[in-house]
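Chain Y is already provided as a structure; the job is to place chains V, W and D on it using the hints.
Protein chains: 4
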Amino acid sequence: MKKLNIGIIGAGRIGKVHMKSIAYSVPQAKILGITDVYKEHLQELADTYGIEKIYDDYKAMLADPEIDAVLVCSSSDTHSKIAIEAAEAGKHIFCEKPVDLTPEKVQAVIDAVEKAGVKLQVGFNRRFDHNFSHIRSLINEGKIGKLELVKITSRDPEPPSAQYAAVSGGMFLDMTIHDFDMAAFIAGSPVEEVYANATCLVDPAIGEAGDVDSAVISLKFASGAIGVIDNSRRAAYGYDQRVEAFGSLGAAVAANDTETNVTLMNADAVSTDKPLYFFLERYMQSFRDEMIQFVDCVLNDKPTPTTGLDGLNSILVALAAKKSVAEHRPVKISEIG
Amino acid sequence: MKKLNIGIIGAGRIGKVHMKSIAYSVPQAKILGITDVYKEHLQELADTYGIEKIYDDYKAMLADPEIDAVLVCSSSDTHSKIAIEAAEAGKHIFCEKPVDLTPEKVQAVIDAVEKAGVKLQVGFNRRFDHNFSHIRSLINEGKIGKLELVKITSRDPEPPSAQYAAVSGGMFLDMTIHDFDMAAFIAGSPVEEVYANATCLVDPAIGEAGDVDSAVISLKFASGAIGVIDNSRRAAYGYDQRVEAFGSLGAAVAANDTETNVTLMNADAVSTDKPLYFFLERYMQSFRDEMIQFVDCVLNDKPTPTTGLDGLNSILVALAAKKSVAEHRPVKISEIG
Amino acid sequence: MKKLNIGIIGAGRIGKVHMKSIAYSVPQAKILGITDVYKEHLQELADTYGIEKIYDDYKAMLADPEIDAVLVCSSSDTHSKIAIEAAEAGKHIFCEKPVDLTPEKVQAVIDAVEKAGVKLQVGFNRRFDHNFSHIRSLINEGKIGKLELVKITSRDPEPPSAQYAAVSGGMFLDMTIHDFDMAAFIAGSPVEEVYANATCLVDPAIGEAGDVDSAVISLKFASGAIGVIDNSRRAAYGYDQRVEAFGSLGAAVAANDTETNVTLMNADAVSTDKPLYFFLERYMQSFRDEMIQFVDCVLNDKPTPTTGLDGLNSILVALAAKKSVAEHRPVKISEIG
Amino acid sequence: MKKLNIGIIGAGRIGKVHMKSIAYSVPQAKILGITDVYKEHLQELADTYGIEKIYDDYKAMLADPEIDAVLVCSSSDTHSKIAIEAAEAGKHIFCEKPVDLTPEKVQAVIDAVEKAGVKLQVGFNRRFDHNFSHIRSLINEGKIGKLELVKITSRDPEPPSAQYAAVSGGMFLDMTIHDFDMAAFIAGSPVEEVYANATCLVDPAIGEAGDVDSAVISLKFASGAIGVIDNSRRAAYGYDQRVEAFGSLGAAVAANDTETNVTLMNADAVSTDKPLYFFLERYMQSFRDEMIQFVDCVLNDKPTPTTGLDGLNSILVALAAKKSVAEHRPVKISEIG
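Heads up: the sequence lines are chains Y, V, W and D, in that order.
Be aware that the first sequence starts at 127, since it is given in the working numbering, and climbs by one per residue.
Be aware that the second sequence starts at 127, since it is given in the working numbering, and climbs by one per residue.
Be aware that the third sequence starts at 127, since it is given in the working numbering, and climbs by one per residue.
Be aware that the fourth sequence starts at 127, since it is given in the working numbering, and climbs by one per residue.
One chain only, chain Y, in its complex shape (with noise of 0.2 Å):
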């Protein structure tokens, strides 16, 4: 069996994950090569996973004709960029959200990948969570009927620096951004109009810095179906990631996920575990199943269950989410771009 050959452009905190769930869990695809602005933890790298070839830049990863695929991990300003080159290179490309900032970069991406006939998969890890893919399961099995409402709830555990929240694009666009594609995902449509009550309440540094850090997200979905999410950067409990579809004849809904199901009763109180910390906690499994689509949907030519197009509606929807809350009115997603 051939196997794919992939590399992977950033070793950070993302790019170590994908690395170990391509070499654990995805006997079909081999990591190649890897490559870092920072150099210095490479090569223990390449030995615990038995990485054969360590790159100088990813433009030299981009030259090697044996690369089949590349996935983009290096910092998100840097995406579109790559991905473009990649797709020149004729490589098959794995994105990590943002594919960028600006809708025209991201198309420039879509464009460039078309234009080479290679595939593109975006990081919407969460579309691959269990609980979530479940529920999408649910609905297209007809469970709950025609989906009319579509509510998420996504609070992180604790606030990013007001200096991230500052360059990272903002609380839409580094947080809201999974959210509005899952919404997406969950609804079956993309979404039309966006109102966005969003506030500072967390961290006054956050609204210093010109940003949000607590939202209730209302949204019109092509569908007909609306839908809510719900932010905030910090819930004291832990990281809450909750779904619910609501359609003509029932509902589902997603629990957090607990690192055990025990209950413990005493005189104080009946508790249960807390929700898992984060998002390496909450999504490993997610993040191992979109590298197994991925390497399955480039083996087999088959379409990748996340698009540049996905890509471009997420941010489309977050810049939309800006200008509703800037304009302190409802905005159509044709009204960007």
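For the record, the hints were derived by calculation from the structure and aren't laboratory data.
Any given hint might turn out to be false.
Where chains are identical, the list cannot tell them apart; a pair therefore holds if satisfied intra-copy or between any two copies.
As the list claims (entries may be wrong) - Simulated pairs of lysine-lysine, DSS-like, Cα-Cα distance not exceeding 30 Å:
(1) K269 / K128
(2) K428 / K241
(3) K165 / K179
(4) K458 / K207
(5) K231 / K272
(6) K272 / K207
(7) K449 / K165
(8) K142 / K449
(9) K165 / K241
(10) K449 / K146
(11) K272 / K458
(12) K231 / K245
(13) K458 / K129
(14) K142 / K156
(15) K129 / K179
(16) K428 / K272
(17) K156 / K129
(18) K185 / K272
(19) K179 / K156
(20) K245 / K128
(21) K458 / K428
(22) K428 / K156
Using the frame of chain Y, we list chains V, W and D on its own:
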């Protein structure tokens, strides 16, 4: 001990609920008399609950010096008129919601009550619900810190007829009004602005009658907290009544009530009870407890827990929500009335 | 409609529970009179519930031709004697458990009742509990197939005094007797053999008084099914009352009841309510429903749902359990009496 | 870093589970070689996991001085023989359960291991389960006070063939043995006496083969605590694996694990996932974690968490349970062997 002599105006569904509560659970009160525009069943009720007097009409009741307090349980369009007359007659008043559909008339009731120096309690029974009042208590005890978000899910098991929806004032005034009051109760702060994302997904006839049946309603409270209510006129699995309060130190979440706590596990599924079917099943305890408190407030000269102002505020929010749908924009409560 | 005239013998804790149930929830019955060896509080009870007669003693009540039925709520050691006299007086009988601590005396009650042709219902209220009766219904509907195993967890929130434990007949006769009845009720079959693994872990004084406070009791039913009861005199988190039925097609499991369905999530824990504190909180609904059924059975000449035989069987199992501990071996019920 | 060189004896279902765990989750170890009486699939496994050596038989493996430790995953009847030889060859040993069906042979393994000064860990993987190990931690932290009761529910999704039941040593030795170990683990104390109430309710052929398929097993621990295990060879809803520890200050209760945390609510029911189907789904995490600990114990010269004595004790309890059924009486462990 002097018992409070109560007269009940209107012996329909909700009038009978209060009759039973007072007769069996409020030893400090006595139902002295009843009246209704329909008279056939009054004698039987009087026999069952040991009620001495059946009045020809509410004016006769108000003229009876033995009556200390009245429950206004007549049809909604008569509430404000009767309440004002009751106040003028010096009777304490428990008035079912909505007090009236226009803010002016509600204000007139408030003014009359104030002038007469009588008590007024409005029938927002859900504030007395064991789950929701417990959330309020947890907030008061500081268990979730500073409140940042209120989330309410409120779905009826089946839609009303389109005719009813047309004359009731619409979903916001006949159904969501309870949720608007609950939102302010949980927030501990009035609603200042509302944006209603509402549509007709359940029954096209409701839409043709000019109303909506599905909504996501975004709220801003005077305190700075934000909120959201999601409504549907039809949940296939029954009456869905959930409330969540999120704050700086945690969250308190109320699940639905069920008939039993039995789980059935077999080859098909692991299943539990559906939510209690509708408001009579779900809220019976709260109907009883609001009566206990009303009687206590009158006898011991305490402020009532749900005031005319609460009634007014909920109507203002409902009207703002209607305006928000009509004008497709967020509407401040101060714009109404 | 002819109302059933009821006399209540014994106006202690349980007598008052039944008084309230009948007065407020059983319109087909009237509490005609009460009696008790303590007389101070009888007039107040009579006033509260509109009871006409206060008898000097139960013999006076039994002599009153207006009395149709009596509730035997006096001290346990008087149950059988009073019940026999009541039967001889032609009164229908609701008798609190235990009917008596010796099988002979229980049989004497059964014989007297049969001879007199009156109804006898024994106060195994838990059969009327919403959770446990629902399990029985699920079994009847075939939802778990052929029953193979009954599991009961029954733990009190706090132990009785050692003195009480000594005179009550011991844990099996005063506490587990309810569980023995529940086991037979769920199994739909009498217990045939019992092995009690019992010890004293909670309060050494109970052991010194010759009783146990902790037990795992293994059961064989006539049907071939098996069962187990675990008991403790003290659960730090409150009254733990769970039942599980397992069969060829699945299982039905009853969890504890709680005051609310609210979950509190904060940095410390995710916590929910403790179980309702003790039997008055936990079983109030069942106390009411057993009264409704008793009155219905008498008025409409139906067989009572909990018979003298049920009372006898539970005592036989309790005595067999005591013998099992004493002789450290499984004991057949047929060895008793 | 010196890696531990491991040889795996037996490449069947459980051998492959350990192979994958070590290859992907235990960087401190290297699978140097494998062997099996069936040889066809060995090369493919060696390729998949990068295993250098395929031995003709386990004797060849034991003769290889490069091998530091072996996993005994061969058929059960060969465990003790191979383990003894491995000890004599100076290899550390991870031995699947049961070590042997006779206490004498298990003791012989213990003696050989002690004499050779090698490590022995027995495959009681469930001690490493996230739920059950958390209960043990809660007990250690004093969260439930002094332990008084251990309750284990252990039901397989489907019965084995009657032939298997006959040769496996029977339910107590092939299935309940895990529960006996779990009981001692949770109790923190060995079982001293057992009474087994066991019968054949699932498959008459199992009864005809002389075995049981349903049981309630009552336990006394050396600590004075009591316990109970309920077993069935067939739960229609899947693999039911629950543990409860009850003590002077409270209780810790482990529910089943499920594939998702999604609840589906519709007109039929409110339903959730069934338990994970069987032990490979349910206990994969524990299989991985027991390998991590085994390697850590050998490399860092720590005592193994599941010892030969644990293996011996479980077999003694299983044999006592068989004797209890045969003789219809409680049996002390000291009566065995």
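Quick rundown of the hints versus the structure:
1. K269 / K128: neither (40 Å within a copy, 51 Å between copies)
2. K428 / K241: within (17 Å within a copy, 60 Å between copies)
3. K165 / K179: For K165 and K179, only the intra-copy Cα distance (13 Å) is at most 30 Å; the inter-copy one is 35 Å.
4. K458 / K207: Within one copy only: 28 Å inside a chain, 45 Å across chains, cut-off 30 Å.
5. K231 / K272: Neither way: K231 and K272 sit 35 Å apart in one copy and 41 Å across, limit 30 Å.
6. K272 / K207: neither (40 Å within a copy, 44 Å between copies)
7. K449 / K165: neither (40 Å within a copy, 60 Å between copies)
8. K142 / K449: Answer is neither: 35 Å inside a copy and 52 Å across each miss the 30 Å cutoff.
9. K165 / K241: neither (33 Å within a copy, 50 Å between copies)
10. K449 / K146: neither (39 Å within a copy, 51 Å between copies)
11. K272 / K458: within (23 Å within a copy, 33 Å between copies)
12. K231 / K245: Classified as within: same-chain Cα gap 17 Å, cross-chain 60 Å, threshold 30 Å.
13. K458 / K129: neither (45 Å within a copy, 60 Å between copies)
14. K142 / K156: both (14 Å within a copy, 21 Å between copies)
15. K129 / K179: both (16 Å within a copy, 24 Å between copies)
16. K428 / K272: Close inside one copy (28 Å), not across copies (49 Å); limit 30 Å.
17. K156 / K129: Both: 6 Å inside a copy, 23 Å across copies.
18. K185 / K272: neither (48 Å within a copy, 51 Å between copies)
19. K179 / K156: both (12 Å within a copy, 23 Å between copies)
20. K245 / K128: Within. Shortest intra-copy distance 18 Å satisfies the 30 Å Cα cut-off; inter-copy 42 Å does not.
21. K458 / K428: neither (32 Å within a copy, 51 Å between copies)
22. K428 / K156: within (19 Å within a copy, 36 Å between copies)
In this structure, the hints that do not hold are numbers 1, 5, 6, 7, 8, 9, 10, 13, 18, 21, in rising order.
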